[in-house]
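Chains as they are written, first to last, in numbering that gives the first Met the number 0: chain B, 0 to 511; chain H, 0 to 248.
Don't take every hint at face value.
In the DSSO-like style, the derived pairs of lysine-lysine whose C-alpha atoms are separated by at most 30 Å in a straight line are [said to hold, decoys possible]:
#, chain 1, residue 1, chain 2, residue 2
1, H, Lys137, B, Lys6
2, B, Lys508, H, Lys209
3, B, Lys6, H, Lys143
4, B, Lys504, H, Lys137
5, B, Lys508, H, Lys137
6, B, Lys508, B, Lys402
7, B, Lys6, B, Lys507
8, B, Lys508, H, Lys73
9, B, Lys504, H, Lys143
10, H, Lys143, B, Lys5
11, B, Lys6, H, Lys119
12, B, Lys507, H, Lys143
13, B, Lys507, H, Lys209
Derived by calculation from the structure, the hints in this document are not laboratory data. Everything numeric in this text was worked out from a predicted model, so none of it was measured.
Chain by chain, the residues run as shown.
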Amino acid sequence: MTRAGKKRLAGAALVLLLLLAAAWVTDCDPALLWARRGHLTDLTGAMFPPDWGFFPKLAAPLWATFQMSVTGTVLGAALALPAAPLCAGSFHAPAVLRHILRAIIQITRSFPALILALMATFLFGLGTFAGTVALTVYTFAIMTRLTYEDIEAAPLSAYRALRAMGAAPAPAYFRAVVPAIAPSYLSNGLYLLETNVRHSAILGYVGAGGIGLLLNEKMSWLEYGKVGMILLSLFAVTCVIETVNGALTRMVREEQSLPPFAKRGLLFTGAVLFTVCAVTAAPPDVSHTSAQMVRSLLSDFVRPDWGFFFDLSAAGLGWLLLETAAIALAGTCAGTVLALPLAFLSAGRLVPRPVAGLFRVVIMAVRSVPFLIYGLIFIRATGPGAFTGALTLAVCSVGLLSKRFLEAIDALDFRAYHALASMGVPPLLRVRHAVLPQLAPILASAVLYRFDVNLREAAVLGLVGAGGIGAPLIFAMNQYDWSTASSICLGLILLVWAVDGLSGKLRKKLDI
Amino acid sequence: MLLSVQNLHKTFGSVAALSGVEFALNAGEFVSVIGPSGAGKTTLMRVINGAVAPDAGEVLLSGASLTAARGRAKRRLQAGIGTVYQDFALVETVSCRQNVLTACLPDMAFFPAVCGAYGKDRRDEAAALLDRVGLSDKTDAPVKTLSGGQKQRVSIARALMRRPDLLLADEPVASLDPVTGQQILALLRDIQQTRGLTVLMNSHNVEFSKIFSDRIIGLASGQVVFDGPPAALTDAVLAAIYGSPEAQP
Chain B
0 MTRAGKKRLA GAALVLLLLL AAAWVTDCDP ALLWARRGHL TDLTGAMFPP DWGFFPKLAA
60 PLWATFQMSV TGTVLGAALA LPAAPLCAGS FHAPAVLRHI LRAIIQITRS FPALILALMA
120 TFLFGLGTFA GTVALTVYTF AIMTRLTYED IEAAPLSAYR ALRAMGAAPA PAYFRAVVPA
180 IAPSYLSNGL YLLETNVRHS AILGYVGAGG IGLLLNEKMS WLEYGKVGMI LLSLFAVTCV
240 IETVNGALTR MVREEQSLPP FAKRGLLFTG AVLFTVCAVT AAPPDVSHTS AQMVRSLLSD
300 FVRPDWGFFF DLSAAGLGWL LLETAAIALA GTCAGTVLAL PLAFLSAGRL VPRPVAGLFR
360 VVIMAVRSVP FLIYGLIFIR ATGPGAFTGA LTLAVCSVGL LSKRFLEAID ALDFRAYHAL
420 ASMGVPPLLR VRHAVLPQLA PILASAVLYR FDVNLREAAV LGLVGAGGIG APLIFAMNQY
480 DWSTASSICL GLILLVWAVD GLSGKLRKKL DI
Chain H
0 MLLSVQNLHK TFGSVAALSG VEFALNAGEF VSVIGPSGAG KTTLMRVING AVAPDAGEVL
60 LSGASLTAAR GRAKRRLQAG IGTVYQDFAL VETVSCRQNV LTACLPDMAF FPAVCGAYGK
120 DRRDEAAALL DRVGLSDKTD APVKTLSGGQ KQRVSIARAL MRRPDLLLAD EPVASLDPVT
180 GQQILALLRD IQQTRGLTVL MNSHNVEFSK IFSDRIIGLA SGQVVFDGPP AALTDAVLAA
240 IYGSPEAQP
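Just chain H, with the same shape it has in the complex (with noise of 0.2 Å):
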């Protein structure tokens, strides 16, 4: 088992985002979670990433805790996920190499890192994500001169340059045109396959979730509602997940 989240809760003042989720991720699957607006899946995922510490409750990666390791131990484990995020949250003034190869920080002794010499090899690996996520051309470009769909790619390379075992993605295509977003979930899946990948991802996107993914986890008011196959995702499912049937998007 490569990950397992058990039993989290997370309150932000009066309002409880998580109430008790688990779940587990076996190696190389792709699983979609959904769930209406403020269901808690970013803060689902800004738990198991490290970003935010759960009230209750442990997340674990291949059995260590990551919840209870702190500093250099945390920051360990943590390299060994790569996130893609909505807004993508790259450095818009640098080129595309340089970001990606920013994932490479963790590994590099003080000096080399502040300097930013990452090296030939690194280089190259990067130039290679990149022409892998289909930006060979934009390189040593600005990420400020991308359009939305190419700063995703750009944010999947970096994740990928981290050579992740868990890949997590909050709501990667919210904010592109659906064409786009569904070539970047095409490419994100067809990654996931190639290289063994296992994705966790926020999804507003049932059909894309559908499509896409091997398994799907239903969260509504911070618990898990459902978790199995596409193919069980009935009406009734949706209902529950969403509330009325008018509130599905």
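The shape of chain B in the complex, shown without the other chains (with noise of 0.2 Å):
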């Protein structure tokens, strides 16, 4: 075996090995899901037929919730534009002022929308405004860090030019640099509006306003068949949104011809909507927020409970997170299982355009729904516990990794794979030699930003039982316990930080 052969099984041997540590620590039983796969399907069939005559009371909360992700999601993104260049390396800002720049979006990655909107609604109050300000800070940090790295990537010679003539850096910033990564930055703020649009449909349930809230309630009250009224018209919504933003993104991306007056119009229309979500958006109710409250929150925070910090016990703060880290990558690579057979069948390349069609809708479906939903529904199976935590990430991730890997096979390049049919290679063999290894980069790049996506997931997956760290961080922040919060924060900084830097480098190492 050579040595490039021995280096690759050892690494299936490493992968192999950290797969079943997390299978392990989130004690994985398939055999009693199995068993109890009855209690799968009550619960689903108990939410259809849904209850129609429920729809019109739930034109404002979906207004609400559309309101939020607009308005948070267009904020964000502006913010981000005049933030990036001060953290890309490219430019000359003060290294001081990059650094601390930098470490506030590495710090706000680190949290999911859900804890985001939970400490917001301690400002705010509850409602839509705490859930507003929660995916504006969300928005920013990952809009910041896409820009930065866009900036980075970017020639800047026409900057230098403009600057040579004398022009002033903001002014040239946004004449030469701004235009060249206009496309991405587009496309990842459409992105991040389909995103947002999901996490404000969960934010109600720590009180901060939209659809999440009725939802909530209705699932406490064991109204299934309203719940399924709202699933079924989130469905419709994330349709909807995901049509006009693929138009949009491709528009975006091409650069389609658009006559002048249409880009206008388009822009015109953009405006208005983002004008009357913005405007009509509730106020704050700091009614229930004191100085006295803040100034609490603020002297504990920077006081960490470091006894559980260190404690290494079942109970302490370690083995929880490395629960939720296990809990992320039993999820992702359960997703991963899922999502592959789903792509290929539902790429029009391959199969015939009818069945793809139908399986699209199924893989829109499967992502339409909030993922504290699956939580609910995998309890009653397998209970409270990592395992359920596990399942619930892994039905997530069926999404967004199916819909890469569609666009992963509808990017394949066929050339070799006939080069491969004219020598006479056989169809599998060709498949495996001229396909596989295309694939292959893109697939473990998908991968690999799901299982990030989902390590912060994991995280808030206790608000459910559905283990992790969540649970006692959500517990913490109710009680006002901010010492131990403030040390549950510290230690997920480290982790997504941690996995952040591993992730660097296994990139790097495979050339992704």
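Please assemble the complex out of the two chains, which come individually in their own frames, going by the hints.
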């Protein structure tokens, strides 16, 4: 065996070992799931047929959900535009400022939107304002990161030329660099709008407004017909937004030639939509916020509970973080296994169009359901605990992973495949040697990215009792136990930072 | 006679790509097919290597009909032909050696083929071929890191790995700069002469074809309008192939 072959074998063995460890930590028990599979369907069955009469009551919270996501996405993305060059290494912003900004972004990125929303409710009261603030901060962190990475990869010769002619840095940046990164910036923004709609549908769980409030209420009152109606309308909203978004993204990416008046019309529509959303937004409710509370929050937050932080027992932070990481790993792995066949079945290049269309709808339906609902469904079969968390994340990963896999299949280059065919290579071997090598790096990159996302999602699964760090964190926050909350946050930041570094190294090594 | 092409017809929709093409190649010849864009050159290549089935006519390889063969028998005949493509048709993400080795897949048992367990002999042979085409230092580099000329060299090594009797080259230098193109053709000619290979090449470049070929076939509107030595390729003949003198390349 060659050295490269030995290395690959060692890598595969390591991955397998990690997966087995993750399965052990999360108490994976497929037999239990199989034995209690009946419980998966009874809840789903109770939701259908949905309670159609409930629909008129949904309009207002659906609008509030949409309003939060649009306002949050636009504000966050707009703020990212001036912040990104300050973080990019290629501009000579003061190093101190760059490091501080990057640290803030890295820290913010460690928290799921739901935790940010919970924090916002303490400052701005219950309601959509807190949700909007959370989504703004969340979008700002991600967009700044993506944009400064784009800036670092973009050619800066035009910027330098403008600077050499005496232009000030800011105008030179907006005239020379922003147009170059605009397609990527806009399509990232559109993608975040899509995720934010999904996120804002659950922010109500922590009182941050939107349809999640209603979903939580109907779920706990066991009014499953109404829950079904909410899910159905979420599915409809997701369908509309994904379709519109898909068209807009294609327009941005391929610069589809639009007449100027159509471009202006689109911009105007967007501006009007944002203004309506922003102007009609509910004001913050600060009646419950006192200077005293904010002061105790801040003073306790800078004093983490070190005893809990360094506790190595099963009740300590270390174990909880390990469990969170294991849930994310097991969930990502199971999600990949589910997503691969779905992606192939929904690829119009490989299967008949109607079949592909059907599977695309299935994937969209899976994506449209908020992940906490999956948590609540799985909990009935496998009980509270980490295994339920892993199952939930597996189903949640399917949407994004199969979408990425599908894009990879659509972009496949079949020339090498045909070249092998003309040499007399049988079909299966052609797929193995001419198709899989092309797919592998894209698949690996998508899986790594999803693992990153799952790590944050795993941190809120505790909300429904599905294991991980989420339950203690939310519990501590609701108890105003800020020093415990602070040590958990610190642990989460460190975990995300470590995984970020590892996956960066892995990406470099695999060249993806 | 190594290759015999008999009365080939192929239409795409209402366009006749080939209408009654006939010629034969003897072992060890280097033959260029020239003609304007749309004359049917690429279709001819694709019919000869079995990628496209003709509407009528036959392709005989050493007397065996490729057009009549199906399934395993067809693949066995195809295995005796190496093809070099204008756009290289390589798997970009894997190494040069891995790409060359894919040419061995038709001869291997299923499981070793799936696992890519080619064995030491084949791996050494692939390395030797890459050395032959001047890429000894790129053996394990991913194809995506190579220049166009280097990619075409890998593609030639892959075709040679089949130990073919017949090498088809579909505009092998059309996407390369003139100097690199000449180097690639010189390499191809050199290999053809040392190995006694038969080469059938499509070309847009009449000058290159005159320098490197033993024989030239002129194709226009899907028909053979010239078949002779380079010396016989006069301006009048070129006008017949390419239409008006202005249309000549």
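Fill in: Unsatisfied constraints (hint numbers, rising)
Violated: hints 2, 8 and 13.
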